[in-house]
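Given the structure of chain A, go ahead and fit chain L onto it with the hints provided.
One-letter residues, chain by chain:
There are 2 protein chains.
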Amino acid sequence: MPILPEPVQNLINALERLPGVGPKTASRLTFHLLRSNDDLPNQLADALKAIRTATGTCQTCFNITVAGQTECDICQDEHRDPSSICVVEEPLDVLALERTGGFTGRYHVLHGVLSPIEGIGPEDLKIRPLIERTRQGTIREIIIATNPSMEGDATALYLHQQLIPLGVRVTRLARGLPMGGDLEYADQNTLLRALAGRQEMS
Amino acid sequence: MPILPEPVQNLINALERLPGVGPKTASRLTFHLLRSNDDLPNQLADALKAIRTATGTCQTCFNITVAGQTECDICQDEHRDPSSICVVEEPLDVLALERTGGFTGRYHVLHGVLSPIEGIGPEDLKIRPLIERTRQGTIREIIIATNPSMEGDATALYLHQQLIPLGVRVTRLARGLPMGGDLEYADQNTLLRALAGRQEMS
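Taken in order, these protein sequences are the chains called A and L. This note's numbering applies: residue 1 is where the first sequence begins, and numbers increase by one. This note's numbering applies: residue 1 is where the second sequence begins, and numbers increase by one.
With the rest of the complex left out, here is chain A (with noise of 0.2 Å):
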């Protein structure tokens, strides 16, 4: 006999299935929405429902925008530097550099990193679209943001390669000690890294 009537157990196999979500989570966080007063779990539901309906991808940088909109906001904002393309993997990392406030240029979405054990090569990202960009000339910068793994890493090499002959400039993000890191703690790559990346003080 199961122990939980379906609907319960249904939100919670639900739950279950996204990222960093286990069991117990899963029912907690059903019981909460089963308990709580408000309407959450309207509204999260309808949230859910428009997720994929109500957004689509920017054809220019291939970030998010509003379903219906072929360009994204920041590609159609004219404060922005068209000169200087920070490449990133996800939508997400737009969103994380974004917040630092200290990039005025234009992104391109890769949408992933090259991966030949996951089978994803050059024609699974948005290798092709940027490669186009830059041709067009008013590109003088392309800034890679892949993140510091092997697969980034690979696909900044590639990226590099395929970039340089355009006559464009292709730097990378430094390595070193993350702010408020702890040398003790540092593995010894990021500390590789570091020392091979010092700086004059000035």
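Just so you know, the hints here were simulated from the structure itself, not pulled from any lab data. It is possible that part of the hints are untrue.
Unchecked claim - Computed far set for chain A versus chain L, every beta-carbon distance over 12 Å:
1) 42
2) 48
3) 105
4) 116
5) 128
6) 133
7) 173
8) 178
What the hints assert, rightly or not - Ranges between beta-carbon positions, derived for each pair:
9) A:103 / L:17: 17 to 23 Å
10) A:183 / L:22: 45 to 51 Å
11) L:40 / A:103: 30 to 36 Å
12) L:3 / A:9: 52 to 58 Å
13) L:67 / A:43: 56 to 62 Å
Said to hold, decoys possible - With a straight-line cut-off of 30 Å between C-alpha atoms, the simulated DSS-like cross-links for lysine-lysine are:
14) A:49 / A:24
15) A:49 / L:126
16) A:24 / L:49
We treat Cβ as the ideally placed atom computed from N, Cα and C, and that holds for glycine.
Chain L only, in chain A's frame:
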């Protein structure tokens, strides 16, 4: 200018209202749902829409039940001992106890604990129905399984005072060191309780 399209921000905002979900987790979940190829957003939305409409409350023990059903499966099960009642705070506690497989009686869900600070008194909990259930004469033992917290203890004490005059045996779940726990890391109160509740080895 908002960084994210409205439908994306809406889902992040709704997810952030869940307990234990912060801004970072909310955006990570949102982008996962946006990117995933399966039908998870819709399945989750449907499960959420059903969670309130398709469930009800058992009129005997106040556990969660399927909508339209007066009594829950446990209360309807003739194999479950009607003379032993386990009193818990929330439906989730029923689930935890059922998973142990160590209890063959029935339940009573209080739907909260006494909390003078939050203004929750006996009338706000399912205490009166428990007293009425006990007066019917079938119940011989009431196991109080409220949480081992200040409020849980206060509620247990109150229930004990109310139930003892009705001629039932009132017990409380044992306190002590948790299984796999480390004496060295046990807090003072747990250790005091474990000492006070020490038992003859047999």
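Hints, verified against the model:
Annotated as non-interface, residue 42 of chain A brings its C-beta within 12 Å of a C-beta of chain L; the closest such distance is 7 Å. At roughly 4 Å from the closest C-beta of chain L, the C-beta of residue 48 of chain A falls inside 12 Å, breaking its exclusion from the interface. The Cβ of residue 105 of chain A lies farther than 12 Å from every Cβ of chain L, with a closest approach of about 15 Å, so its non-interface assignment holds. The Cβ of residue 116 of chain A sits about 21 Å from the closest Cβ of chain L, beyond the 12 Å cut-off, so the non-interface label holds.
At roughly 20 Å, the least C-beta separation between residue 128 of chain A and chain L is larger than 12 Å, which holds for a residue marked as non-interface. A cut-off of 12 Å between C-beta atoms confirms that residue 133 of chain A is not in contact with chain L; the least separation is 21 Å. Taking the minimum C-beta to C-beta distance to chain L, about 19 Å, the non-interface status of residue 173 of chain A holds against the 12 Å cut. Under the 12 Å C-beta cut-off, the non-interface status given to residue 178 of chain A relative to chain L holds; the minimum distance is some 16 Å.
A C-beta distance of roughly 30 Å is found between residue 103 of chain A and residue 17 of chain L, which places it outside the suggested range of 17 to 23 Å. Residue 183 of chain A and residue 22 of chain L have their C-beta atoms about 28 Å apart, which leaves the hinted 45 to 51 Å range violated. Separation of residue 40 of chain L from residue 103 of chain A is about 32 Å and conforms to the stated range, judged on CB atoms against 30 to 36 Å. At roughly 37 Å, the beta carbons of residue 3 of chain L and residue 9 of chain A sit outside the given window of 52 to 58 Å.
Checked against the hint of 56 to 62 Å, the C-beta distance between residue 67 of chain L and residue 43 of chain A comes to roughly 21 Å, which is inconsistent with it. A distance of roughly 25 Å separates the Cα atoms of residue 49 of chain A and residue 24 of chain A; the hinted pair therefore holds under the 30 Å criterion. Distance restraint check for residue 49 of chain A and residue 126 of chain L: the Cα-Cα separation of roughly 36 Å exceeds the 30 Å cut-off, and the hinted pair is therefore not satisfied. At most 30 Å may separate the alpha-carbon atoms for a hinted pair to count; residue 24 of chain A and residue 49 of chain L meet this at roughly 21 Å.
In summary, the numbered hints that this structure violates are 1, 2, 9, 10, 12, 13, 15.
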